[in-house]
Each structure stands twice: as structure tokens, then as C-alpha cells.
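Residue numbers (this note's numbering), protein chains in the order written: chain A, 1 to 421; chain B, 1001 to 1256.
Please keep in mind that the hints were generated in silico from the structure rather than gathered at the bench. Quick caveat, the model's predicted, so the values are computed rather than measured. Ideal placement from N, C-alpha and C gives every residue a C-beta, glycine not left out. Among these hints, one or two may not hold up.
Claimed, not checked - Here are some, though not all, of the chain B residues that point toward chain A, as calculated from beta-carbon distances under 8 Å:
(1) H1045
(2) M1049
(3) S1051
(4) L1092
(5) R1111
(6) N1124
(7) L1165
(8) W1168
(9) L1170
(10) H1194
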Amino acid sequence: MRSRLRCRTLAVYLLAAALAACAGLAGDVHAHGEAAQEAFLRMSTIQWYDTRWSASEVNVNDEIVVTGRFHVARYWPFNVPKPEMTFLNVGVPGPVFVRVASDIGGVNAAASMPLELGHDYEYRLVLRARKPGRYHVHPMLDIRDAGPIVGPGSWVTVNGSFATFTDPITTSGGVTVDLERYGLGWVVGWHVVWLVLALLWLVYWLRKPLLIPRYEAVVQGEGEALITPTDRVMGGVMLAAASVIALVATGMASVRYPVTIPLQSNQAYPRSLRDTLPTVNVAVTRAEYQIPGRTVRMWLTVTNSGAEPVRLGEFTTANIRFLNRQVVQPESGYPDDLLAPAGLEVIPDVAVEPGQTRDLEVVATSVAWETERLALLIKDPTSRIGGLLMFFGSQSNRRQVVEVSSPVIPTFRGELTGVES
Amino acid sequence: MAALPVPEARPRGAFTRPEDIRQAYRQFDIVIAALLFFLFMALYHVFWMLSVGDWDFWTDWKDRQWWVFLTPVVSIAMPAAAQYIFWEKFRLPFAGTLLAVCLVVATWINRVMNMSGWAYFPLNFVWPVSMIASGIALDATLVLTRSYLLMSIFGGFFWALLFYLANWPLMAAFSLPVDVNGVLMSIADVQGYHYIRTGTPEYLRLIDRGTLRSFGQEPAYVSVAVAMFLSAVVCFVFVMIGRAFTKTQFSWLKRI
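Isolated chain A, as found in the complex:
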């Protein structure tokens, strides 16, 4: 018996030690689940591009600005609610920044907004650093009934002291207050008043014998005697006191805050980008995902109805960018983990002349298909791949953004069988 007890004690100690070791071995959290969303959701709804972060290191109270564009898929999945109500949000671990301004297409994005399918929007987020730390900062679009679609993220380090953070705002009455601390004394003060009143009432009863004596009296039919006239007077006094204090509080609030407004629940209507329509038309003949090689291969038919030759420079999907380095280079400071090292292979890598229709094969190879969990497309209810193709004019370098969407076939062998270009 004693040995069994010792064994159990030892097992408990070992378990505790193992748990402690696990806690010690745990590393930093490097993201917050942006790759956890279903692949088709990230590849077929909102496509983020041109994302810029104004700084990668700031002090508490300093601002960073996140800007960029997003494309709302024209071929929106039918099993995902359409973006009839959205809110421009920020993917950060809580209020480590405060959002001091945001807009979509120049329209204040403090309100929720409907978006139109197939349109592109320009957005801006102004964040002020609040809590020191190192954070992955993403733009994010919340879509009612569909959930958040997280944009690309970049690490931002915040230095300084949390205690020095202030958030001044000026009311319409011209009074400037620190939002971080405003009104707390007023709230706590009234809570204390009510707590004191409650304790008076509770202590009045708690000082008397409580449970067993009173229970016995009730059982013996002497319950009525337990409530004395003094108790009833006390009840009346407490009711009157609570009512009077509540009325006084309301009166004081009316004097102190004479002009108040209800909570605002506005809806705004953003302006989409009014670029001229693309002169490049793309039809996807077939798309395959080669699982062993972590490669997506698409066969395209590209028609150029513009006035200058165009070349395919970029394919971007679910925040991963595949660049054809012969045509376009990444911006300095752009997060490396969002750029596929192997880039984009275009076969043949030639310009599509004005008026010409040409078949192209594009090869996008990257471990990101695995690490970003996009390969899990085969487990999604909608096996479609989507993204943006970016063509660049050979002379003007004008960029044209073209959305593509296609069923995708997974292949499990090394050699692909597709339509040859």
C-alpha cells in the first residue's frame, strides 16, 4: 500500500516536472493564427497588395502608418457571405497600439462599410504605439458572417514605457481629456458609494444569527417573529436611500455632463479605385497543385487589347507574393517571409504584344504553400485557387491587376500532366 502511494507521489512529481519543463521550453509566439483560416477563404475573397508599414521600430506614443490596397474578389465563393458589411481592423495582439485614424478610399473607416465585388480599394491605418513589445502588425478586414480576412503582417518593435502612454482627445465642448484615464475616478467613486450602502444592509442582517437558528424558527412556525418592525423600518430606509442616491447621481450627471449623445452606429460608403479597366484579359485553362514539389502550375490564355506590350511580373495570393524578377523587384523592407524565394517562372517569359493572344504557363514554387497551410486546399469544400496577376507595360511600366480564379487539381506524382503551352 505504501509503495503504491510512493509510486503515485513520484508520478505526480514527474508530471509536475514535465509540465514545468514544457513551460520552460516554450518559445515566443510568432504569429496569431493567420494561417489557420481555410485556404480557399484566403485565396478567393480579399487579396491584399501594395502593403507598406511606415516604420519597423517606434517608441511608445509614436505613430506608424499602414497603407495598401485590397481587391474584393469578383468570383466570391458562393458559400461565404458577401462583404455587405465590413470593418477595417488591425491584426495585433490586443490594444498594444491605438487606432487613431483609418480610412478606405479616403472615407473615415471608423464606421462599418459595404464593399463591392470586383473592386479595388485603397486603405490607410494610423496606429499609435501603446505597449512596449514586438508585434506582428497586419491590416485586417472583418466581414459580417464570414469572419476576418487577415492581410500581410510585418514585425514592429515598440520601445519605451507603457506608463508614459497618453491618448489625448478633445471633446466638442473644447475640453481635452486623456482617453487612457478619463472618467475612471467618477465610475469608481459611485461604485464605492453603492458598495457602502450594500454593506450597511448586509451587516445589519449578518450580525444576527443566520442559518440554523433561523431555519429552526421557520420550521417551528415562528418565522414571522424573525422579522421585527425595526427590520421593516430599515427596509424602508434602505429603499428610500437607494432611490434618493440614484436620483442625486442622475442629477449630478446632468449638471456635470449637460450635453450628451447616444452611441453612434454609422455606416459609410467607401470609394473604390477608379483605375481604367485592364486591357489584359486572362483565362485560366487549368491549374494544378503538385503536392510533392510544392508547386502550383497554371496554364493561361492571355489577350492584350492595349496599346503596348505587357509582361507578367507577379502572382499574389493569400499574402504570398511570387515575383518574376526579370520584370519586377520587391520593395526594400518588405517582409521576406511573404516573398517566395523561387519567385514566379513564366513560360515563355516574353511580352504579350498588343492585339496578341498567347498561352502562358506559370509556375509558382514555394514552401509557403505548406507553411502558410495553403496546400490544405484539398481539404476545403471549394477546391479553387484565386489570386491576382500583375502585368507591367514594357514601355510605360504601367501595372495592370487582373484577378484569376480557377478550379485546382492536386497531383500526387512528380510529373505533371497538364495542357502544354
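Starting from the known structure of chain A, arrange chain B on it as the hints suggest.
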């Protein structure tokens, strides 16, 4: 309490002297009261989070319709049931206040430790309401009327009315208008906008939606009136649930 038959009642067990019995009863009271305090804190707080939830978590959810209406109507359920048990078995009319105190302590612990300490939200954005005025009114109407029906009617009315009168002053401070980049917002709205909540987009707020409107441009009065009526109904229903609860409980107390 001179009418109590306790000390001179049947001495039993290990205690023979009345003062020993009195002391044992008192110690029992203290232990049970402490346990009940934590039990009610946990139960009422969980119930509160599941029912009132966001309307109490954030200032930018404390609107003139749903906050004013929903909070008192759902929160009277547990105090009403507890009121029956405490009154019926012990003639103690303090369940309303007791649960309100348990709730306010639990919610402040939650806001300070969790929402401010772990999630970094400032306390002036996540302060809880106080149901103490409502609880006192519920207790007082019971001790004055000594009737469950009258307590439900008048106590329910006071419960909702005093909730609004006691908590609107707190919210008034956060209802001042602010011009935010050309859009009119209250300070509470600005808090909701500034302090980023990745799981609570603006459109999720259920505020000022519905038909409780059109009374001198002050929907809060309509909401309070409807809440008063429904609080009375809910109170009586849960008094009856408390009654059903006592039918199967307390056999252990008899044995003691």
C-alpha cells in the same frame, strides 16, 4: 432577535451549554457565508457573462436600448430564485443585495485581472455596472410586503428603474460628443475605435437597433419602462423556480 428559540432549544451532540451551541452556530454561519459568497460570485458572474456579456464588457456597447433593457431583465433571474430560498427557509431578505455585491466584486476582479491586466484594456473602457441599488430595492420590497407577488411586481419595477438611474450617471461621462476626423462620435465610441479588438468589429455592436423608440426622442425611457414590466415577470417566474429548487434541497440541513 430576542424571539429566537435557539439557545435554549434542545442541546445535543457534543455541545451541552447554550453558549457553546451559539458559538458553534456562529462558526457554522461564518464558514457557510464565506463559501456562499464565493459560490454566488462564480455562479452569478458566469451567468452574467453568458447573458449580459458585451453590453457590460465595453462602454461602447452600453446603449439606450439593449443595455438598458436586457441587463436588468436577465440579471434579475438568479437573485429572484435566491430570494425565495433565503426568505422561505431563513426569513433573510438580503439575497438581492448579496448577489449584487458578489457580482460587483467578481466583475471588478475580472476587469482588473483579466481585461486590464492580461488584455491591456484600460479600466475606464471595461468598467462593470453596479446592480446594488436594484438589489437593495428587491430586498426592501420583500421585507416591507412579505409577499413574493408584491415583491416581484414592485421589486421588479424598482430593479430595472434603479439600474438605469444608478448606472446612467456613470455612462454619462462617456457620452460627450467628439469630432473624430469629421465623424461625430461619443467618447465611448472613440474608446471602441481606439482600443483595437480583433474579435469585435464595429458592426457586431448591437446598439440602438430595434423598435423601442419614438418617445420624445429618448428611447431609454421606453426601454426602462419595458424592462420594468419584464423584470417583474421574470422575477416572479424565477421565484417559482427557486420554490421548485427548495422542494428537493435542504434535507442535509434538517439532519444537521
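Cross-check of the supplied hints:
1. H1045: 16 Å, violated
2. M1049: M1049 of chain B check fails; min Cβ-Cβ to chain A is 18 Å, beyond 8 Å.
3. S1051: 20 Å, violated
4. L1092: With a minimum Cβ separation of about 6 Å from chain A (threshold 8 Å), the hint on L1092 of chain B holds.
5. R1111: 11 Å, violated
6. N1124: Holds: closest Cβ of chain A sits about 4 Å from N1124 of chain B, inside 8 Å.
7. L1165: Because about 4 Å separates L1165 of chain B from the closest Cβ in chain A, which is inside the 8 Å limit, the hint holds.
8. W1168: 6 Å, holds
9. L1170: Where the cut-off is 8 Å and the nearest Cβ of chain A is about 5 Å from L1170 of chain B, the hint holds.
10. H1194: 4 Å, holds
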